[in-house]
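Given next are the chains, with one letter for each unit.
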Amino acid sequence: MDMTYIQGILMLAGINLIAVLGLCLLTGFTGLFSFGHAGFMAIGAYIGALMTVPPSTMPGSIGGLGLPFIFGILAGGAAAGIVSWFIGRITLNLKGDYFCIATLGFGEATRLILNNVQTFGGARGWPGVPQYSTVLTVFVVDVIAVLFLANLVKSRHGRNMIAVREEELAAQIAGVDVFRYKMIALIVSAVYAGVAGVLFGHYMTFIQPKMFSMTKSTELTIIVIFGGLGSISGSVLGALVLTALPELLRAFDIWRLVFYGAAVIVIMISRPKGLMGGMELSPAGIRKIRAERRARLALKEEAAREAASGGRS
Amino acid sequence: MLSVRDLYVSYGGIRALKGVSLEVNKGEIVTIIGANGAGKSTLLNTISGFLKPQKGEVLFNGLRLGRQPAKIVKAGICHVPEGRLVFANLTVHDNLVLGAYLRRDRKAIAEDLDKVYGLFPRLKERMRQPAGTLSGGEQQMLAMGRALMTNGDLVLMDEPSLGLAPLLVQTVFDIIEEIRGLGKTILLVEQNAFKALHVADRAYVLEQGRIVKEGRACDIANDPAVRDAYLGTKSKGGGGVA
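In the order they appear, the protein sequences are chains A and B. Numbered according to my numbering, the first sequence spans residues 1 to 313. Numbered according to my numbering, the second sequence spans residues 314 to 555.
What the hints contain is simulated information worked out from the structure, not anything from laboratory work. Bear in mind the structure is a predicted one, so any value in this text is a computation, not a measurement. Among the hints, a few may not be true.
Between beta-carbon pairs, the in silico distance windows are [said to hold, decoys possible]:
{"id": "1", "chain 1": "B", "residue 1": "Gly476", "chain 2": "A", "residue 2": "Ile254", "range": "52 to 60 Å"}
{"id": "2", "chain 1": "B", "residue 1": "Ala478", "chain 2": "A", "residue 2": "Arg305", "range": "29 to 37 Å"}
{"id": "3", "chain 1": "A", "residue 1": "Trp255", "chain 2": "B", "residue 2": "Ala478", "range": "53 to 61 Å"}
{"id": "4", "chain 1": "B", "residue 1": "Gly326", "chain 2": "A", "residue 2": "Ala109", "range": "22 to 30 Å"}
{"id": "5", "chain 1": "B", "residue 1": "Gly379", "chain 2": "A", "residue 2": "Arg294", "range": "20 to 28 Å"}
{"id": "6", "chain 1": "B", "residue 1": "Asn349", "chain 2": "A", "residue 2": "Arg305", "range": "48 to 56 Å"}
{"id": "7", "chain 1": "B", "residue 1": "Ala401", "chain 2": "A", "residue 2": "Lys288", "range": "17 to 25 Å"}
{"id": "8", "chain 1": "A", "residue 1": "Ile286", "chain 2": "B", "residue 2": "Asn349", "range": "45 to 53 Å"}
{"id": "9", "chain 1": "A", "residue 1": "Asn93", "chain 2": "B", "residue 2": "Ala421", "range": "29 to 37 Å"}
{"id": "10", "chain 1": "B", "residue 1": "Thr446", "chain 2": "A", "residue 2": "Arg290", "range": "20 to 28 Å"}
Facing chain A, according to a computed beta carbon distance under 8 Å, are these residues of chain B, among others [what the hints assert, rightly or not]:
{"id": "11", "residue": "Phe363"}
{"id": "12", "residue": "Gln381"}
{"id": "13", "residue": "Pro382"}
{"id": "14", "residue": "Ala383"}
{"id": "15", "residue": "Val386"}
{"id": "16", "residue": "Lys387"}
{"id": "17", "residue": "His392"}
{"id": "18", "residue": "Pro394"}
{"id": "19", "residue": "Leu398"}
{"id": "20", "residue": "Val399"}
{"id": "21", "residue": "Phe400"}
{"id": "22", "residue": "Leu411"}
{"id": "23", "residue": "Gly412"}
{"id": "24", "residue": "Tyr414"}
{"id": "25", "residue": "Leu415"}
{"id": "26", "residue": "Thr463"}
Each residue gets a CB set at the ideal place from its N, CA and C atoms; glycine is no exception.
Isolated chain A (complex conformation):
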């Protein structure tokens, strides 16, 4: 294996991670499942490309504004965020499964629109996107994304989202504006997905609606659940493992996706809450895990002592 190959996998994992972190907030902390976040990635990828692709010189080639990469990232994220606001207005009042199906519809609708509108190349795709994504840019965006999310979930806003996840009606009764916090979670997750889409497009140098199908959305949600709901470090681990796993399984040739599926099932059975369900790999998180383990052991000892003394008397 040469370095560029490993680098490529790391880039893909890093890009996936951004979208996964957004979904981690929406699904893991707020309790809303989405099967349409590839749609937000697509919006980010296309708007980002529109910003950075140089203006068209030849007839037939699709031109953009030729702006620096940072504008592409900002515009792609913002566009996805704005669209998510509209989507949220009409779908966030739906309960659980219905919201999930509405997001599925949104994701597929976005893909089909891009497939059929010829402005950006339709189903043939859009070649010639500049290769601006580097290991460094992806890494920097990852770090910013993790730090922002870690602070958000620890803030009052984050706790409100967790309250919505735990017991929506009870949160409402306490006076939490449930709709508002669902909306914030949706917008943040969409912006993350949009930014991931921009980085993805500028890594592949070619974008096509097919890349943002339901399979992609499902992959993101699987990573979040695999990593463990409500855990940022779980999402990081999940993105790394599940992006690298299909590559490690290349030895199995055509059987590799079968092994991929089997591996996911085995891990979910052995760790039903995901790799890191509700736990964090941070100094405070590790302290908490240790304290809980101590409490469990103490409880066990006490029970054993009671059983022993009960046996004597």
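Following the hints, complete the assembly by docking chain B onto the known chain A.
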């Protein structure tokens, strides 16, 4: 204090409330009795803003209530939901503090917390325990305590005695009277019509989305039709349903 005017609420095509009007005055305990599916919970959920009415309005202290549940809580209406709905993973204490989510005055919050613990000594004993480990009755007390922590003047209670042991049912009704003693106004929805009419000042009988009777609780309790339908004190032949 609360006046509901000509309220219509539907679930899809099904009308659950068909022009309900009622008044709750300050300091009163008002009860709404009625069979399953009469629209009792729908009425409370509409007052709290969880459901949107097709027609009609809810006035609180003469002001039209906004549609957002959070604003309604802030205005001073607190809700003890059916089935309790406590945060199972949080401790009893944290659940209570959460009730004061919208309040800023730490001193007043601490005083109210003492009051709630005074009202529910059981909760004080178990304050460090996760709420999910409480018994049904204790969770009901916790839900009531949490509602009181919002410091709302009007308490909406949805079936507080649901699923509780008979002995605890009496405790819950005693507590309702004590809560009134704290200066709160209570709108109580109950299936246990006998107990509810005993504790209430006034009562409304809700049938298939309409108010069919209203009056002083003792009059309603003595009304022959009500006795027959809800209190089971006299049965005119036919199959009695327990």
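Hints, one by one, checked against the model:
1. For Gly476 of chain B and Ile254 of chain A, the hinted distance range of 52 to 60 Å is satisfied, since their beta carbons lie about 56 Å from each other.
2. The hint said 29 to 37 Å for the Cβ distance between Ala478 of chain B and Arg305 of chain A, and at roughly 33 Å that hint holds.
3. The beta-carbon spacing between Trp255 of chain A and Ala478 of chain B, approximately 59 Å, falls within the hinted interval of 53 to 61 Å.
4. Hint check: Gly326 of chain B to Ala109 of chain A, Cβ distance near 28 Å, so the stated range 22 to 30 Å holds.
5. Taken as a hint, the range 20 to 28 Å is violated for the pair Gly379 of chain B and Arg294 of chain A, whose Cβ atoms sit roughly 48 Å apart.
6. A hinted range of 48 to 56 Å for the beta carbons of Asn349 of chain B and Arg305 of chain A is consistent with their spacing of about 50 Å.
7. Checked against the hint of 17 to 25 Å, the pair Ala401 of chain B and Lys288 of chain A passes, with Cβ atoms roughly 18 Å apart.
8. As the Cβ distance of Ile286 of chain A to Asn349 of chain B is approximately 51 Å, the hint placing it in 45 to 53 Å holds.
9. As the Cβ distance of Asn93 of chain A to Ala421 of chain B is approximately 34 Å, the hint placing it in 29 to 37 Å holds.
10. Thr446 of chain B and Arg290 of chain A have their C-beta atoms about 23 Å apart, which keeps the hinted 20 to 28 Å range intact.
11. Given the 8 Å rule on beta carbons, the hint for Phe363 of chain B holds: about 7 Å separates it from the nearest Cβ of chain A.
12. Contact between Gln381 of chain B and chain A, as hinted, is supported at the beta carbon level, the nearest pair being about 7 Å apart and thus within 8 Å.
13. A distance limit of 8 Å between C-beta atoms decides the matter here; for Pro382 of chain B the minimum to chain A is near 5 Å, and the interface restraint holds.
14. For the restraint placing Ala383 of chain B at the interface with chain A, the shortest Cβ-Cβ distance is roughly 4 Å, inside the 8 Å limit, so the hint holds.
15. Checking Val386 of chain B against chain A: minimum C-beta separation of about 4 Å stays under 8 Å; hint holds.
16. With a cut of 8 Å, the hint placing Lys387 of chain B at the interface with chain A holds, because the nearest CB-to-CB distance is about 6 Å.
17. Interface restraint check: His392 of chain B against chain A, minimum CB-CB distance 5 Å, threshold 8 Å, status holds.
18. Because the closest C-beta pair between Pro394 of chain B and chain A is about 6 Å apart, less than 8 Å, the hint holds.
19. For Leu398 of chain B, the shortest C-beta to C-beta distance to chain A is roughly 4 Å, which falls under 8 Å, so the interface hint holds.
20. Interface restraint check for Val399 of chain B: the shortest CB-CB distance to chain A comes to about 7 Å, inside 8 Å, so the restraint holds.
21. Restraint check, Phe400 of chain B versus chain A: the minimum CB separation of about 5 Å is within 8 Å; hint holds.
22. The interface hint given for Leu411 of chain B is met, as the beta carbon of that residue sits about 5 Å from the closest beta carbon of chain A, less than 8 Å.
23. Given hint, Gly412 of chain B at the interface with chain A, holds; its Cβ is 6 Å from that chain's nearest Cβ, closer than 8 Å.
24. The restraint placing Tyr414 of chain B at the interface with chain A holds, with a minimum CB-CB distance near 4 Å, inside the 8 Å limit.
25. At its closest, the beta carbon of Leu415 of chain B sits 4 Å from a beta carbon of chain A; the interface hint therefore holds under the 8 Å criterion.
26. For the restraint placing Thr463 of chain B at the interface with chain A, the shortest Cβ-Cβ distance is roughly 7 Å, inside the 8 Å limit, so the hint holds.
When each numbered hint is compared with the structure, a violation occurs for hint 5 only.
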